[in-house]
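Listed here are the chains, written in short residue letters.
2 protein chains.
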Amino acid sequence: MRATLTAPTKEGTAAVATVAIDRRRVVIGRPDGTVAAFSFVWLRHNCPCAACRHPSGQRLVDLLDIPDDIAPGSACIAGDGALEIAWPPDGHVSRYDAAWLAARSLDPAARAARRPRPLLWGAELATRIPRADWAAMCAAPEAEVRALQALVDYGFLIISGVPATSGMVVEVGDRIGHVRVTNYGRYFDVRSVPNPTNLAFTAAALGVHTDNPYRDPTPGLQLLHCLEADAPGGDTILVDGFKAAEDLRDQDPTAFSLLAWLPLDFRFADGEADLATRVPVISTDNEGRITAVHFNNRSMGALDAPEEMVEPWYAAYRKFAALLRRPEAELTLRLAPGDLMVMNNIRTLHGRTEFDINAGRRHLQGCYVDLDGIESRLKVLSRGASRPGAIAEIERMFARRGAESYGEGVSQLEHALQAAALAEQEDKPAAQIVAALLHDIGHLLHDLPEDIADEGVDTRHESLASAWLSQHFGPEVSEPVRLHVAAKRYLCHADSGYFDRLSEASKLSLRLQGGSMTADEAAGFAREPFRAEAIDVRRWDDEAKIVGAATPGLDHFRPLVESLLRR
Amino acid sequence: MRATLTAPTKEGTAAVATVAIDRRRVVIGRPDGTVAAFSFVWLRHNCPCAACRHPSGQRLVDLLDIPDDIAPGSACIAGDGALEIAWPPDGHVSRYDAAWLAARSLDPAARAARRPRPLLWGAELATRIPRADWAAMCAAPEAEVRALQALVDYGFLIISGVPATSGMVVEVGDRIGHVRVTNYGRYFDVRSVPNPTNLAFTAAALGVHTDNPYRDPTPGLQLLHCLEADAPGGDTILVDGFKAAEDLRDQDPTAFSLLAWLPLDFRFADGEADLATRVPVISTDNEGRITAVHFNNRSMGALDAPEEMVEPWYAAYRKFAALLRRPEAELTLRLAPGDLMVMNNIRTLHGRTEFDINAGRRHLQGCYVDLDGIESRLKVLSRGASRPGAIAEIERMFARRGAESYGEGVSQLEHALQAAALAEQEDKPAAQIVAALLHDIGHLLHDLPEDIADEGVDTRHESLASAWLSQHFGPEVSEPVRLHVAAKRYLCHADSGYFDRLSEASKLSLRLQGGSMTADEAAGFAREPFRAEAIDVRRWDDEAKIVGAATPGLDHFRPLVESLLRR
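Protein sequences, first through last, are from chains A and B. My numbering numbers the first residue of the first sequence as 1 and each following residue consecutively. My numbering numbers the first residue of the second sequence as 1 and each following residue consecutively.
It cannot be assumed that every hint is accurate.
[Said to hold, decoys possible] Residues of chain A placed beyond 12 Å of chain B at every Cβ, according to the derived structure: (1) Arg44; (2) Leu63; (3) Arg104; (4) Leu125; (5) Ala139; (6) Glu171; (7) Glu246; (8) Asp265; (9) Arg267; (10) Gly301; (11) Leu303; (12) Glu311; (13) Gly360; (14) Arg361; (15) Ala505; (16) Glu528.
[As the list claims (entries may be wrong)] Covered stretches of chain B, as calculated for chain A (at least 3 residues, CB under 8 Å): (17) 44-58; (18) 103-109; (19) 347-354; (20) 536-548.
Simulated from the structure, these hints should not be mistaken for laboratory data. Small disclaimer: the values here were computed from a predicted structure and weren't measured. Glycine included, C-beta positions come from ideal geometry on N, C-alpha and C.
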């Protein structure tokens with residue numbers, strides 16, 4: 001077993017600096033002091049070499065061909081910071097790039113950062129409804145990426161300017177995914193017709209619901225295209241089912257778990273179809289994350305459960321229904337001809353107000369599209385030019401968590417904008433301004449509260465941030481961010497007055513971060529290529545805590561961010 | 001509160017005979033002494049009247065309009081055995097037919113009887129592979145119903161005689177459901193092509209797998225249509241994933257629950273798509289029933305789980321993979337041109353042996369279809385029509401051979417009628433009564449004398465009978481019959497006094513049937529979904545040997561038989 005120490009390389013913080021064996025795991029240490037452990041069998045089974053992975057990315061190695069007592073013959077660090085393992089009996093060599101390992105790290109924060117994090121909303125979203133323009137989406141991939149990302153984040157999107165002609169809804173559907181043919185055909189009309197078999201075709205008000213919960217699988221995306229809307233009334237009501245479910249979990253965890261545990265039967269029957277499912281009102285994954293909501297008063301059946309659970313379930317369902325009906329949960333909007341609404345049908349509930357079919361016309365066309373096509377298209381559009389994806393992600397992080405408290409009276413967004421504005425005032429290069437803007441993005445990437453330092457936890461936000469940044473920017477952005485906490489520890493060592501000038505919160509977090517550097521550590525820091533930039537970022541960080549300071553907005557810095565993104 | 005007793009009516013055992021209030025529930029008693037309880041809120045919310053249900057079957061009453069302290073003003077029994085409740089404040093009357101209540105009964109047995117019970121299989125199914133003929137399916141709804149029911153029961157079906165022309169696969173797909181367009185288009189070709197991006201297009205052997213686990217939702221049905229099959233090799237291998245999962249649960253419940261708990265990432269990327277999901281290898285519902293299996297070595301990603309769970313998960317996955325590879329789990333068959341295989345893609349794994357593309361041609365076309373369309377079509381096809389053919393055939397069999405001796409002093413017909421009468425006296429469901437009536441129909445189907453056991457020949461009458469019955473009835477009739485001999489061998493193992501109570505003739509035939517079960521065989525029997533029903537049939541079989549006992553005639557059971565016939 002060899003283990004060699006190498007200098008940090010362009011891979012930055014992700015590089016492997018030490019390697020050790022602990023029980024049946026390989027433990028790697030990184031230059032920033034973080035460690036990550038990977039089981040032998042996991043490493044062997046996930047070997048990314050050409051013999052174990054087809055060029056198409058498909059796995060060739062078969063677990064049953066790997067002995068269950070597999071163990072490395074040797075584990076070394078390559079010059080570029082990769083981990084290299086030779087396996088018995090034939091000396092097969094697996095090479096794991098540092099970035100490859102970092103992207104699959106199994107520590108709780110890294111795993112949490114990889115999970116979807118929907119942006120929850122209520123009536124307050126009325127001032128910033130996710131909208132896109134159809135012509136712009138067709139003209140520029142960036143516009144389409146922004147639109148689809150908003151759909152992923154918020155669970156719905158209004159596309160304007162879609163020609164109000166019959167059948168256009170499936171053209172849009174086939175562009176963003178694949179239209180799913182159902183018992184209603186490739187698309188369906190929503191308007192008053194004689195002898196309705198489905199309440200959606202009458203002029204009555206419709207309570208908020210998800211569509212077709214009686215289908216298994218339930219349609220993932222619903223598109224509704226407004227062709228005519230003369231009739232008074234018939235406004236659209238949207239409710240975030242995930243938000244209501246999270247509120248229920250907060251207010252009454254027992255009710256939440258009952259709805260997530262007991263399935264409900266849904267059914268729809270007409271001349272051509274007789275469709276039935278059994279699914280909980282709230283679906284969760286094994287980590288408790290909400291994955292789907294099925295809510296439809298019209299097609300729900302009689303609860304089929306142990307009799308003793310009927311009353312508690314009804315009490316829980318009643319609470320959830322009431323949360324979905326709160327005025328502050330309802331987003332009301334009016335679709336105009338040419339508007340096309342896309343909804344995540346297992347998250348966003350929709351309904352409509354009553355309308356008078358005698359006073360005007362109302363005609364929508366709808367279709368269903370598979371949900372996973374959206375994320376696929378987003379990834380494909382974001383290939384090569386990673387720009388639109390990263391920009392959107394940064395905007396999303398600030399939209400979602402920028403209002404959270406940084407501490408000391410300012411929000412995360414205010415702190416970021418103040419730091420960037422300070423850098424800009426000093427006429428620093430773009431990379432410095434962007435590093436200042438994004439230096440605390442690690443706090444937005446993980447799910448721990450910012451005042452976590454009070455609880456004795458060092459969140460290592462600078463490592464998280466630089467790992468994410470190095471995917472999208474060069475080291476001139478990611479390295480100063482990675483080092484901005486080390487810079488604080490360095491300044492405590494090198495500048496006798498620095499510690500006294502720190503805020504109380506910053507003095508507290510310093511202890512968790514390791515306190516003042518030793519002379520040896522300071523010598524190491526002084527060899528870092530981006531030490532000066534890191535000290536600058538640190539300075540702005542310390543100053544960007546002025547309550548109520550005026551700064552440019554996030555949009556102001558967008559061109560700078562864009563100019564530095566890797567292509 | 002009134003409660004009146006009425007005489008049983010044509011509703012038979014389901015009729016309401018007594019009504020009482022117990023806490024916040026209405027408790028009904030039936031003529032057979034069974035009781036059923038329904039919560040007030042459940043009853044009010046499920047009121048089937050025209051004001052509460054739209055003619056289309058959709059619910060109109062809204063839970064939030066029902067007070068949470070709802071309680072009946074009165075509860076009575078109508079002359080026809082229905083339950084009638086008047087509700088405050090306006091005296092709204094809900095009327096629940098006895099049959100309506102019976103179909104929604106919440107006791108454990110009634111609930112279990114409503115759940116799907118797949119027929120699990122292994123290599124032994126080779127002698128009775130579910131097959132259908134395309135022309136026959138198109139000509140007669142009965143043939144299509146039989147074919148689709150077999151697909152539901154076994155998780156796959158071979159349809160022969162589908163014209164071996166390109167594109168026919170989607171014609172079949174659109175007949176039995178709706179073809180689902182994916183990143184591969186409406187249909188795809190499976191044959192060797194240059195520069196493959198997917199292993200399915202090479203000539204290599206393919207381990208058994210489910211398709212597209214990286215799609216969310218995963219395609220439910222896969223169709224594969226054989227157009228050419230000259231090349232040596234390329235045989236199809238099928239494995240019942242539900243059977244392997246049940247075996248894993250038996251052998252190692254901890255491994256089973258780990259695979260059902262931790263999700264695995266799957267991914268597929270090419271020029272047009274980048275699809276990813278996170279789903280457990282085994283999916284279960286809240287009652288522990290297996291609902292899906294996702295297994296694909298090629299597209300599985302690196303396990304993304306707490307590091308401490310990686311080794312145990314791998315050990316569990318290894319066990320499951322080994323169970324899927326057992327020779328006794330593998331059904332090998334060769335598709336000929338014109339054969340079209342339909343598979344439940346979240347249950348039945350498929351693979352193929354290697355083939356030599358230089359020695360001949362091999363060309364399949366495939367498509368995906370939503371799974372729920374099959375059950376919908378089955379229900380729609382079964383509406384209305386009855387099946388005089390099967391009824392006539394049963395009557396003919398008894399007319400021709402019913403007078404033959406069963407042995408022990410009774411005739412075949414007497415034995416059948418006594419068994420059915422015993423089941424009826426115990427108020428068993430119709431399927432049980434019919435299974436009792438027809439359990440020995442295998443003796444009427446073959447031409448060997450009943451005392452054949454004296455000559456040392458086991459006629460396997462139970463296999464003959466269930467094969468015939470499964471053409472006309474669901475598994476709730478055919479499976480108890482198939483298992484009624486196994487039940488005897490099981491009882492000899494499980495019930496120490498059972499053997500001594502057997503008649504001498506039955507003791508003799510037991511030897512031919514294999515004697516008492518071993519512990520392993522008994523464990524296998526205990527996993528059969530219809531084991532309890534089979535033991536019941538066995539019991540009646542053992543008792544239905546009373547010389548001269550009075551029973552109803554065959555006509556008495558005719559409506560029951562008719563009600564259970566597949567349509």
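Consistency of the hints with the structure:
Residue placement check: Arg44 (chain A) does not keep its beta carbon more than 12 Å from all beta carbons of chain B (closest about 10 Å). Leu63 (chain A), annotated as away from the interface, has a beta carbon of chain B within 12 Å; the closest lies near 6 Å. A beta-carbon of chain B is positioned within 12 Å of the beta-carbon of Arg104 (chain A); the least distance is around 5 Å. Non-interface call for Leu125 (chain A) relative to chain B: holds, since the shortest CB-CB distance, roughly 24 Å, exceeds 12 Å.
For Ala139 (chain A), the non-interface assignment is confirmed: its Cβ lies about 20 Å from the closest Cβ of chain B, beyond the 12 Å cut-off. Once the 12 Å rule is applied to beta carbons, Glu171 (chain A) is consistent with being away from chain B; the minimum gap is 14 Å. No beta-carbon of chain B is positioned within 12 Å of the beta-carbon of Glu246 (chain A); the least distance is around 20 Å. Not every Cβ of chain B is farther than 12 Å from the Cβ of Asp265 (chain A); the closest lies at roughly 9 Å, contradicting the non-interface assignment.
Its closest Cβ contact with chain B, about 7 Å, brings Arg267 (chain A) to no more than 12 Å, contrary to its assignment away from the interface. Not every Cβ of chain B is farther than 12 Å from the Cβ of Gly301 (chain A); the closest lies at roughly 8 Å, contradicting the non-interface assignment. Listed as outside the interface, Leu303 (chain A) is inconsistent with that label: its C-beta sits roughly 6 Å from the nearest C-beta of chain B, within the 12 Å cut-off. With a least beta-carbon separation of about 5 Å from chain B, Glu311 (chain A) fails to lie farther than 12 Å from that chain, contradicting its non-interface assignment.
Every C-beta of chain B lies more than 12 Å from that of Gly360 (chain A), the closest at about 25 Å, which supports listing it as non-interface. No Cβ of chain B approaches the Cβ of Arg361 (chain A) within 12 Å, the least distance being about 24 Å, so the stated non-interface status holds. At roughly 31 Å from the closest C-beta of chain B, the C-beta of Ala505 (chain A) stays outside 12 Å, upholding its exclusion from the interface. Distance check on Glu528 (chain A): its Cβ is at least 30 Å (rounded) from any Cβ of chain B, clearing the 12 Å threshold; non-interface status holds.
Chain A is given as covering the segment 44-58 of chain B, and this holds because 6 residues of the stretch bring a CB closer than 8 Å to a CB of that chain, at least three being needed. Proximity of the segment 103-109 of chain B to chain A, defined as three or more residues with a beta carbon under 8 Å from a beta carbon of that chain, is established by the 4 residues found. Coverage of the segment 347-354 of chain B by chain A is violated. Counting CB-CB distances below 8 Å, 0 residues qualify, and the rule asks for three or more. Three residues within the 8 Å Cβ limit are the bar, and the segment 536-548 of chain B against chain A gives 0, so the coverage statement is violated.
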